[in-house]
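Heads up: the protein sequence lines correspond to chains C and P, in order.
Take the first sequence: its position 56, counted from the start at 1, is 36 in the working numbering, and no numbers get skipped.
Heads up, the working numbering is the position in the second sequence plus 2, with the first residue counted as 1.
Treat the hints with caution; some may be incorrect.
Restricting the straight-line Cα-Cα distance to at most 25 Å, the calculated cross-link-like pairs of lysine to any residue (SDA-like) are [as the list claims (entries may be wrong)]: (1) Lys16(C) <-> Ala152(C); (2) Lys58(C) <-> Leu215(P); (3) Lys58(C) <-> Glu130(C); (4) Lys58(C) <-> Ala191(P); (5) Lys58(C) <-> Gln195(P); (6) Lys432(C) <-> Glu340(C); (7) Lys27(C) <-> Arg121(P); (8) Lys309(C) <-> Leu454(C); (9) Lys27(C) <-> Lys217(C); (10) Lys187(P) <-> Asp63(C); (11) Lys187(P) <-> Arg60(C); (12) Lys466(C) <-> Asn310(C); (13) Lys217(C) <-> Leu(-4)(C); (14) Lys309(C) <-> Lys432(C); (15) Lys58(C) <-> Gly186(P); (16) Lys326(P) <-> Gly82(C); (17) Lys16(C) <-> Asn120(P); (18) Lys58(C) <-> Asn120(P); (19) Lys12(C) <-> Arg121(P); (20) Lys12(C) <-> Gln36(C); (21) Lys12(C) <-> Val25(C).
Keep in mind that the hints were calculated from the coordinates and are not lab data.
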Amino acid sequence: MITTIRGRQTTAFAILLLGLLAAGLLGIRSLKGLSKEFDAEMARVRKTTELGTELQRDVIELIFAAEGYLVSGSSDQKRRFADLAGRTQEVATRYRELEGMGAEEAQQVERLAATLTQLEVELARAHALHDIGRRAEARAVADAAHPLAEEVASLISALGERQNQLLEASTAALQDRADERSNYVLTILALAFAMGSLLALATIRSIDRPLAELVSAALQLGRGDLRTRVSGNGMPKEFAQVGAAFDSMAGGLRNVAEQVISTASQVSSSAAEFSAISEQVAGSTHEVAAAMSEISEGADSQARALTETASAVVELREGTGSIESEANKNRELSHAIQREASDSQQSVRQAVDLLLALREVVHRSAEEIQGLESTSDQITGFVRRITSIAEQTHLLSLNAAIEAAHAGHEGRGFSVVAEEVRKLAAEADAAAHEVDETVTQFRRWVEKAVAKMREGEGQVVQVESVARGAEGALDTIATDLDRISKATDEALVTVQRSRTLLEQVASNVASVTQTAAAHAARSQDVSAAVQEQSATTEQISASVSELVTAANNLRQAVGEWKV
Amino acid sequence: MRSTGIRASVVGVVALGLWAAGCDNGGDGAATARLGVAAPLEQFIGSQTLRGAELAKDEINAAGGIRGQQLELVPVTDSARAQRAVPVADGFFRDPAVLAVIGHSTSGATLAAASIYNRGIPAVSPTSTSPEISDAGDWIFRMASSDAANSGRLARFALRELGTRAAILYANEPYGRGLREGFGKAFRAGGGQLLEEYPYIEGETQDFEAYLLGIQTANPDLVFVAGLDVSAGLIISQARALGIVAPIIGGDGLLGLAGRDSAYDGTYVGLLYHADAPGQTGRQFVESYRSRYGEPPDHFAALAYDAVKLVAQAAEDVGFDREKIRDYLAAVGDGRAAFQGVGGLIAFDANGDPREKNYAVGRIMGSRIELVSVEGGT
Chain C
-19 MITTIRGRQT
-9 TAFAILLLGL
1 LAAGLLGIRS
11 LKGLSKEFDA
21 EMARVRKTTE
31 LGTELQRDVI
41 ELIFAAEGYL
51 VSGSSDQKRR
61 FADLAGRTQE
71 VATRYRELEG
81 MGAEEAQQVE
91 RLAATLTQLE
101 VELARAHALH
111 DIGRRAEARA
121 VADAAHPLAE
131 EVASLISALG
141 ERQNQLLEAS
151 TAALQDRADE
161 RSNYVLTILA
171 LAFAMGSLLA
181 LATIRSIDRP
191 LAELVSAALQ
201 LGRGDLRTRV
211 SGNGMPKEFA
221 QVGAAFDSMA
231 GGLRNVAEQV
241 ISTASQVSSS
251 AAEFSAISEQ
261 VAGSTHEVAA
271 AMSEISEGAD
281 SQARALTETA
291 SAVVELREGT
301 GSIESEANKN
311 RELSHAIQRE
321 ASDSQQSVRQ
331 AVDLLLALRE
341 VVHRSAEEIQ
351 GLESTSDQIT
361 GFVRRITSIA
371 EQTHLLSLNA
381 AIEAAHAGHE
391 GRGFSVVAEE
401 VRKLAAEADA
411 AAHEVDETVT
421 QFRRWVEKAV
431 AKMREGEGQV
441 VQVESVARGA
451 EGALDTIATD
461 LDRISKATDE
471 ALVTVQRSRT
481 LLEQVASNVA
491 SVTQTAAAHA
501 ARSQDVSAAV
511 QEQSATTEQI
521 SASVSELVTA
531 ANNLRQAVGE
541 WKV
Chain P
3 MRSTGIRASV
13 VGVVALGLWA
23 AGCDNGGDGA
33 ATARLGVAAP
43 LEQFIGSQTL
53 RGAELAKDEI
63 NAAGGIRGQQ
73 LELVPVTDSA
83 RAQRAVPVAD
93 GFFRDPAVLA
103 VIGHSTSGAT
113 LAAASIYNRG
123 IPAVSPTSTS
133 PEISDAGDWI
143 FRMASSDAAN
153 SGRLARFALR
163 ELGTRAAILY
173 ANEPYGRGLR
183 EGFGKAFRAG
193 GGQLLEEYPY
203 IEGETQDFEA
213 YLLGIQTANP
223 DLVFVAGLDV
233 SAGLIISQAR
243 ALGIVAPIIG
253 GDGLLGLAGR
263 DSAYDGTYVG
273 LLYHADAPGQ
283 TGRQFVESYR
293 SRYGEPPDHF
303 AALAYDAVKL
313 VAQAAEDVGF
323 DREKIRDYLA
333 AVGDGRAAFQ
343 GVGGLIAFDA
353 NGDPREKNYA
363 VGRIMGSRIE
373 LVSVEGGT
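Please work from the sequences and hints to get the whole structure.
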């Protein structure tokens, strides 16, 4: 159900418009459809008529040609006859192809075609008889064929007639359909009109009744009956809204009136109290004025204290500046130490490298000296061989001396030689012993040197580990310094931020100081105002008694309202 | 109020039942699918057509029918006459139980009935060969190749085997005229000469003496008879009686002459199908036909058999809906698979004509037709 007047009106218009539109569309469609069907019918009839005319003409010419041949025997006429025969059959075929043929028309066409065929065959037979010289028979056959031509003509006109009947029938049918369609259109229009009117009436009625209700309620309200309400049920939405507004207005009025009534009595009773209080107020005001001057002084001393605070803050800020510069120095120092440490580390590394090279050299030397030891072994072997040779030589020289002794005189010379040899052998043996001793001595030195070398090597390793330890320590120092430097940077940032904050604080303190000064000035103004207020309080006292009178009057006036 | 309402509905139900029974032609109520068969039933062509159609129907029903329903044929004669074909077609069109029409057997009847079928019932002609059928409409199909092609093949055969001077006797209706025109054109194009061309009315013209005397005078190498067996029989008898010895050749319409008179022996006929022709499929069909009717099938029977099978296949596939059957047929060989019939592969062109079907020439020898030549090409 539509509940608003606007909605009802819109719906009524929409129904009317839709009805009109539907009627219009139906009308247009019907007209189009009907005119199309009518055109098709007309086209068919026209075509039938044209075909009929053409066929009629061809049939006449056909007979003319046939007769001509019978008279003249001209082969031209015979050919013309054959051509026309073909053409008439074509026309019959075209008849068959006409659209919308009913069974009856189709049969009429077949009858026409059959008659035409017969006519042609009879005339052809006449020609054949003529050709074989049976002229009289030919003439008779041709004459007998003439009624067939008449039949063709009457069949053509019957077809035309039939088409006309069909046209009339279909025209009547079209007329009926047109009437039917126009009835549809009228019905739709009437329905749309009726529905529209009903809706309009309902709308008008739905305005009238609630309007009357609203008017009577307003009159009642005017007479002072604040309990009046409008029932919103069954009203259109718009009126229901007005009714609700009216009701809430009446409710509001009633609340106001109730409050006014109760307030009026309160006012009158309060006014008396008020009067007494106002006296007290006047007394208090004097005390206030005294307090205010104290406040004023307090404000002054506050302002002064704030000024001192401001200067302290400025000092603090400056102190912050020196912290910052110290921090900066600190940072630079730590950077310098870092650089130094890094340099030392470099030197230590170089020293370690050198030590490593030295260890290598010592190691190699020890090896070489050990090589010498084996050489001395070879020498010892060599000396032993020489010693044994010397011993054998000594034995040999003894034997030679014995042999020489056996030889006697002849052997004297030989015994001298043997003696010499024995001396030589003794010498060689002595020399060999000497060498052996030297070698033994040499080997002891070598062993001592090797031991020393090994000792040196061990010490180098110790030095290296110490150097590595130093390098690690330097590394740690560098890392620590880096951390210190970073911490210093952070401290610096914090200090800078503190300084900014302190600056803000200084400026805030300054502005507070200003405000405090202003307050001090203002409190003096207030103190003056309080004194003025004291005078005013006296006047209020007088007004309150007038208020009491007015409140009593008001209470009387609202007494007439029904709430 | 209430009782009248009930009474009204009872009356309605009874009326509906009566109407349904009427549709079923008072049958035993078993569900059936119907095909109209339109052919000159009292003539040779028609009886052969019906034989082929019956054989197909019985095979279909033995295999379970169409969608579980028995197939029923409704044979009605058109006497091969255009004027009779129209009411026959109208009857089929008005019977909603008839799904499609197998027919008509002859070109004139098919053309005359076409305007009725084109209102919305598919017709598959087994043996109409007139070139005009190609343009007969969207609801007309045929299993036979057009005489536009067939007549040319006959003319080339005649020029090659019979001679170059011809006289023509033609039935003055679509079949005869179509054959005459195609034959004449191809014969002249092949170097032949047409001496005389005479029209007659199929089944009506009795006396051909005047024409035959003219032909005797002209003395052609061959006489081409473009028509059906009824008139052709008269023509041949009268010609032989007059002493005309020239060989006689005609289209498939002359097939019915076989076995009727020894005077017809030696007549050449065009064949849309021959049981002995090489490349023919459907040996099974030939055997079934022979065992049932005691003779080999001719093209009227074979192509009617194919037509029934094709339409049944369509109805099995798309259901008992004339328009859907038509659409199915139109798509055979063009969107759907070609149909393998006993008379060759059927693939319809846009005119509902089968593309590329072979054509044979036979000679009547007693009751048999001896296969002389298979003519391909166009």
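Quiz item: Checking against the hints above, which ones are violated?
Solution: Hint check: 9, 14, 18, 20 fail, others pass.
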